[in-house]
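Each protein sequence line maps, in turn, to chains A and B. The opening residue of the first sequence carries number 1 in the numbering used here; numbering runs sequentially from there. The opening residue of the second sequence carries number 551 in the numbering used here; numbering runs sequentially from there.
Don't read these hints as lab results, they were simulated from the structure. Please note: incorrect hints may appear among the correct ones.
As the list claims (entries may be wrong) - Calculated pairs, EDC-like style, for lysine to aspartate or glutamate (alpha carbon to alpha carbon, straight line, at most 20 Å):
| no. | chain 1 | residue 1 | chain 2 | residue 2 |
| --- | --- | --- | --- | --- |
| 1 | A | Lys30 | B | Glu566 |
| 2 | A | Lys360 | B | Glu566 |
| 3 | B | Lys960 | B | Asp1044 |
| 4 | A | Lys358 | B | Glu592 |
| 5 | B | Lys725 | A | Glu179 |
| 6 | A | Lys20 | B | Glu1078 |
| 7 | B | Lys570 | A | Glu16 |
| 8 | B | Lys570 | A | Asp27 |
| 9 | B | Lys682 | A | Glu396 |
| 10 | B | Lys730 | A | Asp494 |
| 11 | B | Lys761 | A | Glu355 |
| 12 | A | Lys132 | B | Glu566 |
| 13 | A | Lys20 | B | Asp560 |
| 14 | B | Lys910 | A | Glu179 |
| 15 | A | Lys211 | B | Glu905 |
| 16 | A | Lys132 | B | Glu592 |
| 17 | B | Lys910 | A | Glu42 |
| 18 | A | Lys358 | B | Asp1044 |
| 19 | B | Lys722 | A | Asp232 |
| 20 | B | Lys1065 | A | Glu355 |
| 21 | B | Lys908 | A | Asp232 |
| 22 | A | Lys30 | B | Glu609 |
2 protein chains.
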Amino acid sequence: MESKGLQPMDSEQLRENAHKMVDFIADYYKSIENFPVLSQVEPGYLRELLPDSAPNQPETLQNVLDDVQAKILPGVTHWQSPSYFAYYPSNSSVAGFLGEMLSAGINMVGFSWITSPAATELEMIVLDWLGKLLKLPEDFLSTGQGGGVIQGTASEAVLVVLLAARDRVLRKLGKNALEKLVVYASDQTHSALQKACQIGGIHPENCKLIKTDSSTNYALSPDLLSKAISDDISTGLVPFFLCATVGTTSSTAVDPLLSLGKIAKNNGIWFHVDAAYAGSACICPEYRCYIDGVEEADSFNMNAHKWFLTNFDCSALWVKWQFPPVENENWGGILLEFEVKDRNALIQSLSTNPEFLKNKASQANMVVDYKDWQIPLGRRFRSLKLWMVLRLYGLENLQCYIRNHINLAKYFEGLVAADSRFEGCKYCLSCQLAHLTWDKPLLGLVVLSMKCLLNPLEKMGNKWVVTPRIFSLVCFRLLPPNNNEDHGNNLNHDLLDAVNSTGKIFISHTVLSGKYILRFAVGAPLTEERHVTAAWKVLQDEASALLGRL
Amino acid sequence: MESKGLQPMDSEQLRENAHKMVDFIADYYKSIENFPVLSQVEPGYLRELLPDSAPNQPETLQNVLDDVQAKILPGVTHWQSPSYFAYYPSNSSVAGFLGEMLSAGINMVGFSWITSPAATELEMIVLDWLGKLLKLPEDFLSTGQGGGVIQGTASEAVLVVLLAARDRVLRKLGKNALEKLVVYASDQTHSALQKACQIGGIHPENCKLIKTDSSTNYALSPDLLSKAISDDISTGLVPFFLCATVGTTSSTAVDPLLSLGKIAKNNGIWFHVDAAYAGSACICPEYRCYIDGVEEADSFNMNAHKWFLTNFDCSALWVKWQFPPVENENWGGILLEFEVKDRNALIQSLSTNPEFLKNKASQANMVVDYKDWQIPLGRRFRSLKLWMVLRLYGLENLQCYIRNHINLAKYFEGLVAADSRFEGCKYCLSCQLAHLTWDKPLLGLVVLSMKCLLNPLEKMGNKWVVTPRIFSLVCFRLLPPNNNEDHGNNLNHDLLDAVNSTGKIFISHTVLSGKYILRFAVGAPLTEERHVTAAWKVLQDEASALLGRL
């Protein structure tokens, strides 16, 4: 490139311009509360603001930054705003941002070990670190028989293990058995599972989403699962994959891993655990119980890019290589024997070995080549940002971070409970005790045990009119006046629209047992109590206005 | 988080630390020539240098940067080094880096339009810009009937269109027809196609990789394709997908799009064009001819993250919605009629619509939701970096950038040709003329036409002992002494090892017609003539040493 404008990669031009960009981004965070949280632009707004084609001649960075300020930021929904309470969070952080910068700076493509040994090795090490913080069984660590890998998203995580499980069975039964393969999960499971089935050619009617209801707080019932499996085996189908969720997207329901895992094992089914959101909480001892039973799983996933201060994308997936037990299995009535070669089902399913990528280390089987653990070939140096998050914050700060959000959610829950126009989580006495003592782990556990003894969950469904808060998501709704449920859903839909249109906060919704429910997910890095208080005021004000108009 | 160490996202801490990181990265580029290009570490080197687990207490950024310098960078293979000539380039640039920073700074997750309208709309606009630079037919633009989308990699691009094509046929023939579906491509096609077939459940024997040889310079022969399709139809199989490549990974072979596209159209086959590497060159008028025929394609892909100054990842995919012609088709002997609903096959194949993501704009079909154009749900604001590359450099600079690399490759080719111990591209007289006049577009075209008239490609295979250089990749090899081909492959394998072990350059290899061939791919942003000269000296020196030991 001639001397016109920027050189492709001149270190001093990089320095000068990147310093400008740092200030732009720091200023953005400084002023982030001034923007509408949810962008209020109309569809197609940007085309009118930008030219039809790329320029022939270079423009200056200042030109572009001016456009970002004037034209792009108004169209941004500010996920990092302290008043962002929609979906689940997608954390940015100083450490995560620095890691992303460094990754973009080095800009290597780490598909094979040789293309940057540090990228592969740091990823293995850092996922071992995170696995240990989560107290994952040794089988999941690279120092044991398994190992971790960073995927882009939980969707890709569930897809790759579903493909591994599919191909492991098809190698036994022949590829025409595809039409017989059955996947199980609850109807609260993320839509990513259905998409994975669609991609992998699983017949849609064989993706069995077992109905849940408030009696289990929307968790998958082991009894219903067992029955579905037996029924399917009796009609000649082949159960092969079970996805359990810890912290569903709608309502943070927690599937009972231990019971489900045993059923999976007894039936030779690959057991995947999706803890995309709630996995982060499990670095706190008092929340680790929610993934008890993970030792029964073949694969486990949590998104460090959700609630763990690691900029998007960074979805951590661990697999055991030794699954299921190397024994004869009764699989859909067909006796299957898994052999040593089945230990690395993931790699068998996803590896390619073209001549142009062959190299000594890979050919000698001395190294991990992560290209064989994922859909794409190329991959960024994403472990840098997770490494920097773990080192620049440290475990204790990360635990405080999680607990702080959960406390803010509890605080919001209390605000909802105190306003009789709303319906939130209504606790029985022992639940209230558990609630109050939750942050004192030992006392909490005692009370929780009492609670379970006194009030088995199944019998309590009706007392939680919405669904209980477990982590940092509160589900609630505005009660329709005169208990007229005909208007309940529209009312809450209108309330959602009204609060989001203020630009002051952004929340989202779900539907549980036919009811339109509002979701308030605490988890943005800048959220403080005052933001929760202010959000509640917006909700109350808009509710008053709506009810006043009825 | 308490006051210990960094706050999760404090704007002033971000500013201070990110400025440090900018200097670290700028210093890296300043000193990049001092590192061995290919990392020389041994497998497992990093585990010995890092602790077993994450720290409880926070560490300082300086600690981490010291570790990056001392422990990570020695394990990095420096893709941005000016002496990197392996695989294909993966460009970093000032503009691309700034775009990546901004994307990481905003850190939104743009799965649906509403989650950041600017992200979706900028992506549509910028892919229209790039499509226009490539002179793609209007059908591929969002202002026409089609549109572009940024995928992570070319692997994902070919996967999503393969799935769209698969499901479009299966909707007609029933899902049990999967076993009959046939994919076509040359044996030079990137392994990503085979992986996509594996993922999509295409039976391996139905992924037909048609053999190529030097007689077509490793391009797919339309005659062989036609024959394969007829044979398959006659045995009851259903041809449904054809992937052509413009610039194969091994040798930059260019498949003849126009003839192949007509065959595809006549047989109702989805026609995908993979120009992952060479697509970038097509912004120069003199190289645009290599994608002539793209108007016959249903989808087209080029990687802006390869040779277009956009930091990894940024793979641009365009699809036509209106394909194939809405007429009756004779498809594997079965009459198929495509209807209006088949226009958006990609979205039909990949969309999900869970309650928790529903919103007014999406429900009203007023917007594009890119989640339905890709495998994952979440997605980064990648259009920012492509936008910044296009604006901060401008078309003319980008064309200079491409031409400069191609000229450097020509220069290297000349060096090889002048050393009789090596075998490179041996031109016939008219080819030499074409070669000499290539950078004078008009004259070049005249000579090229003469060449084609005088020496039809098919008859010339033997004159190019390796394969001709078209873009910025030179294929060559060291001739075995005394023409003893038994040693030829080992000799070149050893030469590759020897030059890469010096740490001075990094090149890679392929195998063509059974011969081990060295690949010299020019394309790193910092590469200048002096780096090519130095690389050639390394190759000559190591060759002399090797030959001297024989």
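Tested hints:
Only pairs whose Cα atoms come within 20 Å are accepted, and Lys30 of chain A paired with Glu566 of chain B is accepted, the gap being roughly 13 Å. Of the pairs offered as hints, the one joining Lys360 of chain A and Glu566 of chain B is violated, with about 43 Å between alpha carbons and a cut-off of 20 Å exceeded. The hinted pair formed by Lys960 of chain B and Asp1044 of chain B fails the criterion: a straight-line CA distance of about 25 Å is larger than 20 Å. Note on Lys358 of chain A and Glu592 of chain B: the hinted pairing holds, with a Cα-Cα distance of about 17 Å set against a maximum of 20 Å.
About 9 Å separates the Cα atoms of Lys725 of chain B and Glu179 of chain A, which keeps this hinted pair within 20 Å; it holds. This hinted pair does not check out: Lys20 of chain A and Glu1078 of chain B have alpha carbons roughly 28 Å apart, beyond 20 Å. Between the alpha carbons of Lys570 of chain B and Glu16 of chain A the distance comes to roughly 13 Å, so the proposed pair stays at or under 20 Å and holds. For the proposed pair Lys570 of chain B and Asp27 of chain A, the alpha carbon gap of about 17 Å is at most 20 Å, so the pair holds.
Between the alpha carbons of Lys682 of chain B and Glu396 of chain A the distance comes to roughly 52 Å, so the proposed pair goes past 20 Å and is violated. Using a Cα cut-off of 20 Å, the hinted pair Lys730 of chain B and Asp494 of chain A is violated, with the two alpha carbons roughly 50 Å apart. Between Lys761 of chain B and Glu355 of chain A the CA atoms are separated by roughly 15 Å; this keeps the pair inside 20 Å, and the hint holds. A distance of roughly 32 Å separates the Cα atoms of Lys132 of chain A and Glu566 of chain B; the hinted pair therefore is violated under the 20 Å criterion.
Between the alpha carbons of Lys20 of chain A and Asp560 of chain B the distance comes to roughly 18 Å, so the proposed pair stays at or under 20 Å and holds. Restraint check for Lys910 of chain B and Glu179 of chain A: the C-alpha separation of about 37 Å exceeds 20 Å, so the hint is violated. Simply put, Lys211 of chain A and Glu905 of chain B have alpha-carbon atoms about 15 Å apart, close enough for the 20 Å limit, and the pair holds. Restraint check for Lys132 of chain A and Glu592 of chain B: not satisfied, since their Cα atoms lie roughly 26 Å apart, outside the 20 Å limit.
With a CA separation close to 11 Å, the supplied pair Lys910 of chain B and Glu42 of chain A stays within the 20 Å bound. Distance check on the hinted pair: Lys358 of chain A and Asp1044 of chain B sit about 14 Å apart at the alpha-carbon level, within 20 Å; holds. Our distance criterion of 20 Å between C-alpha atoms is broken by Lys722 of chain B and Asp232 of chain A, whose separation comes to about 27 Å. The hinted pair formed by Lys1065 of chain B and Glu355 of chain A meets the criterion: a straight-line CA distance of about 11 Å does not exceed 20 Å.
Straight-line distance between C-alpha atoms of Lys908 of chain B and Asp232 of chain A comes to about 33 Å, which puts the hinted pair past the 20 Å bound. Pair hint Lys30 of chain A plus Glu609 of chain B does not hold up; C-alpha atoms about 25 Å apart against a cutoff of 20 Å.
In summary, the structure is inconsistent with hints 2, 3, 6, 9, 10, 12, 14, 16, 19, 21 and 22 from the numbered list given earlier, while agreeing with the others.
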